[in-house]
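Take the given structure of chain U and dock chain G to it, following the hints.
So the sequences go chain by chain: U and G.
Numbered by the numbering used here, the letters in the first sequence go through residues 600 to 1089 in order.
Numbered by the numbering used here, the letters in the second sequence go through residues 8 to 454 in order.
Heads up, some of the hints might be wrong.
What the hints assert, rightly or not - Below, in silico cross-link-like pairs of lysine to aspartate or glutamate (EDC-like), each with a Cα-Cα straight-line distance of 20 angstroms or less:
1. U/Lys891 to U/Asp860
2. U/Lys760 to U/Glu809
3. U/Lys891 to G/Asp45
4. G/Lys321 to G/Asp182
5. U/Lys918 to G/Asp182
6. U/Lys918 to U/Asp729
7. U/Lys760 to U/Glu837
8. U/Lys891 to U/Glu830
9. U/Lys891 to U/Asp915
10. U/Lys1017 to U/Asp798
11. U/Lys891 to G/Asp47
12. U/Lys760 to G/Asp182
13. U/Lys1017 to U/Glu989
14. U/Lys918 to U/Glu758
15. G/Lys321 to U/Asp769
16. U/Lys891 to U/Glu914
17. U/Lys891 to U/Glu837
18. U/Lys918 to G/Glu179
19. U/Lys1017 to U/Asp995
20. U/Lys687 to G/Asp53
21. U/Lys1017 to U/Asp792
22. G/Lys321 to G/Glu158
23. G/Lys321 to U/Glu788
24. U/Lys1017 to U/Asp769
25. U/Lys1017 to U/Glu788
26. U/Lys891 to U/Asp729
27. U/Lys760 to G/Glu179
28. U/Lys760 to G/Glu158
29. U/Lys687 to G/Glu54
Keep in mind that the hints were calculated from the coordinates and are not lab data.
All figures in this text were calculated on a predicted structure; none of them were measured in a lab.
What follows is each chain in one-letter form.
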Amino acid sequence: MADTSAPSFPTIFERSRPGRRAARPPHFDEPDLAALLGEDQVRAAPPRLPEVSELDLVRHFTQLAHRQFSIDGNVYPLGSCTMKYNPKVHEEAARLFQDLHPQQAPETAQGTLRLLYELQRDLGALTGMDAVSLQPAAGAHGELTGILMIRAYHRARGEGKQRRVVLVPDGAHDTNPATAAMAGYRVVEVPSDATGEVDLDAFTRALGPEVAAVMLTNPNTVGVFETRILEIARRAHEAGAQLYYDGANLNAIVGRVRPGDMGFDVVHLNLHKTFTTPHGGGGPGTGPVGVKAHLAEFLPVPLVVEADQGYRLSEDVPKSIGRMRSFVGNVGNLIRAYAYIRTLGLEGLRRVSGHAVLNANYLRVRMQQAGYTVPFDRLNMHEFVAQPPEGLHTLDIAKALLDEGMHPMTVYFPLIVKEAMMVEPTETESLETLDAYAEALGRVLRRAAEDEGYLAGAPYHTPVRRLDEVRAARRPVLRYAFGDDPGSAD
Amino acid sequence: MPYLPHSEEDVRRALETIGVESIDALFDALPATLRNPDIDLPPAMDETTLLAHLRSLAARDRPAGPNFLGGGMRRHFIPSVTPHLALQSEFVTAYTPYQPEVAQGILQATFEYQTMMSELTGLAVSNASMYDGATATAEAALLAVRQTRRERVLVSRGVHPETRAILATYLEALDIRIDTLDLEHLATPVPTVDGDVACVIVQQPNFLGSLEAMAALTQAAHASGALLVAVVDPLGLAVLTPPGAYGADIAVGDGQTIGNPTAFGGPSFGFMVVTDALLRQLPGRLVGETVDVDGRRAFVLTLQAREQHIRRSKARSNICSNHQLTALMATVNLAALGPQGLREAAAASLRQAHRLADRLRSQGADLAGDVRFFNEFTVRTRRPGSVVRSALAARGVHAGVPVGSEYRLGNAVVLAATELVSDEDIEQLVGALTAEGELEGREVGHG
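One chain only, chain U, in its complex shape (with noise of 0.2 angstroms):
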């Protein structure tokens, strides 16, 4: 039964009180707005925006933030998102560029468009690519960017009508197929065999002349370097089709072996893993694209060339695919990103990517102790697979996390693997924390096998507990009803 006399958190809304307010910008008396725009072109009634103090306006969102989890608070091991921790140094050196306007005169941005210059020549070396935009604004966006340069080469040889095929594993990342329909593909999924990889036959057997390209992440999500992938850019070049990196999951093999010398045509990078740039509860990302040099002439415009007056955006690329988004990219996350790499240098990321994976062996092993199954039992890269004991759902377990004051892992993806708990812990944790992880894990089992209701009403210490979210989904509440309307959109 819901206990209705449960306090609610109040909206910002609801704090709101006619004249007040925090912020006023540079005094003007004001113009005769109808004289200036026109009658029909004045706005009617204020946008009800709320009225409060300044004071008011940090409590609220003061007390928003510590109803978060951040990475900053405690372990945050989500597969395949990289949580790992945000260097802070990086934020001062994003603020150190923040106020250059984008329509600037390219004389008055050098010191920007040099850093920018230099991270495409950067990334295109640890990537073993020829060429670099670093236009898209996050991963999937990368994604686009690079199926249509692929769209675009095949049109170019006159094969762009017969090749309407993307093969992704059936284990993709969700955003491969979604962009592969978003370019005009049609998606063929290839099975993984026992091992975790790509089933090399059943990918042979879908590869043909309509087959446009193939997407692949490796290793792949559940963890697994695909051992074989030399022979499949072999099997994928020789049918035709050229070969996707999805680079989500480059963090774990930074410095040891780059995409294009294993075949690769095409890589995007998700900044926000490998190179640390903050998620910032869901963006914004950044995902640039490298391209071998067969690819180049397609690539989005502008990019930051060196000129004899200096560095400049240039649009001047042949076949290019056009803009992908306005400007020249996630300038604030590029930034950021360039802090880093020469924060560690080649050493540097090749220990990260040494040490992403040594964390998540490890946590693997104390996982399985504490009383959890991994389906594909071997030694893994940057992330792993497990399972909770049969009868347990992973939903659950999660939640029962929550109340250990710690993160759960990414759960139910991959689809391929019944209740999976994609876990990873990154190169930033201390074994002392990946302990702490394992043997909450390992207390909520036991919990859960003393009390058999315990699980099921996880969690019980968190600022709301689980929510009904059927209820949402069939009655949307989309925004704030203010009284007079009923704030809801069905």
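Frame of chain U; chain G shown alone:
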């Protein structure tokens, strides 16, 4: 090594637990011939050296000086409290709120964001944000194509040239035809809309700064069953008629002007707000209100059946990460300014832009038509826009977004003013344009 906690003893203990000899042994699955390539990267830097290096780069940028740049982004007042609150580490270092019990901070702030964007635009449903205004516009066109099952869009040439370029990239992939509506007297004439048109896309105010007749354009679109996509500046909506009031179906735009620094173009965020009727076609994340088992109000990602992580190749879009943190900057900023502060900023911006226009006219400038505008407008110049911009920069003023030849105005630039522009700044720009001889003897175009 920075950020890596393990001592040699830790590494030894971890290797022993795993049962391997060395870290390198963990990578035996990698192709042996390709391992540990020699990669040419500059040597590692400590924090002090890094910051000195970055400061030396930043010193080659010249952001300072009076700033009259618009053309997609502008400098507006952002009170200190905005970044202080929005950039708290709990927000900065969180992931997408997949575990709502411990993510009420971001979920509730996003619900508040959706409400504020709904209020600003006068439309019912805002998603949780997009990448930027241009990609939001492209996604709006795709939404219209899905909704109407028509495969042609009309776009006004008044839509920012970069936005139209991105629209072309996105739509060309799906073989959707784009027709461009030429401007007359710097504004979009009411077009004939055929029955195969999914949507008409108009920017208000347009790239040249002029105000468009949105109500008439909307009526023309609706008359043949097409949707009207309004590309709007959210700051302008404090004083300008909101899209909902003239019947627009979708409002999109870039959120930089309501709380984010210009940051050489990004990240800002895009927004998309639609009518109730289009809810199920909306791409991207949505936060909805519900209750927890104790009856407390709580917020959660909802209607996820539209999204890539459920539908894979049948999703509305492939968008996954949106631009949550920069949208949060806007949320805090709008709450800090409130309705009065936002109106004051918009009105002051408008006032200073008109003051600049009056001063230029009094110096004999040709304002490329006698049109109504908000806070950006077009002025003809003697030399090409990029030359003018560089000449002004040399005089310490940032101004003059070049107007391309597609507008057939001859040499011209777009100028913007905001509440951060003082009367003295205006005199400096007028003086610099006059000294460069830009306001006289120019080629007369055909606007």
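> Does the structure keep U/Lys891 and U/Glu830 at a Cα separation of 20 angstroms or less?
Replying inline: Holds - the C-alpha atoms of U/Glu830 and U/Lys891 are around 19 angstroms apart, at most 20 angstroms.
>> With the threshold set at 20 angstroms, check whether the alpha-carbon distance from U/Lys891 to U/Asp915 stays at or below it.
In response: 18 angstroms, holds
> Is the hinted pair U/Lys1017 and U/Asp798 satisfied, with a Cα-Cα distance of at most 20 angstroms?
Replying inline: Measuring from Cα to Cα gives roughly 19 angstroms; hence the hint holds.
> Given the hint that U/Lys1017 pairs with U/Asp792, does the C-alpha gap stay at or below 20 angstroms?
Replying inline: 15 angstroms, holds
> Hey, G/Lys321 versus U/Glu788, does the alpha-carbon distance stay inside 20 angstroms?
Replying inline: 14 angstroms, holds
>> Run the distance test for U/Lys891 versus U/Glu914: straight-line Cα separation, threshold 20 angstroms.
In response: 19 angstroms, holds
> Is it true that the CA of U/Lys918 sits at most 20 angstroms from the CA of G/Glu179?
Replying inline: Holds, at about 14 angstroms.
> Can the restraint linking U/Lys687 and G/Asp53 be considered satisfied, given a maximum Cα separation of 20 angstroms?
Replying inline: Given pair U/Lys687, G/Asp53 holds - Cα atoms ~14 angstroms apart, limit 20 angstroms.
>> Next pair to validate is U/Lys1017 with U/Asp995; report whether the Cα-Cα distance is within 20 angstroms.
In response: 14 angstroms, holds
> Taking only the CA atoms, is the gap from U/Lys760 to G/Glu179 under or equal to 20 angstroms?
Replying inline: Cα-Cα ~14 angstroms, so holds.
> Is U/Lys760 within 20 angstroms of G/Glu158, Cα to Cα?
Replying inline: OK: U/Lys760 and G/Glu158 at ~19 angstroms, within 20 angstroms.
> When you check the alpha-carbon spacing of U/Lys918 and U/Asp729, does it fall within 20 angstroms?
Replying inline: Between U/Lys918 and U/Asp729 the Cα gap is close to 17 angstroms, so the pair holds against 20 angstroms.
Hint compliance for this structure: every hint is met.
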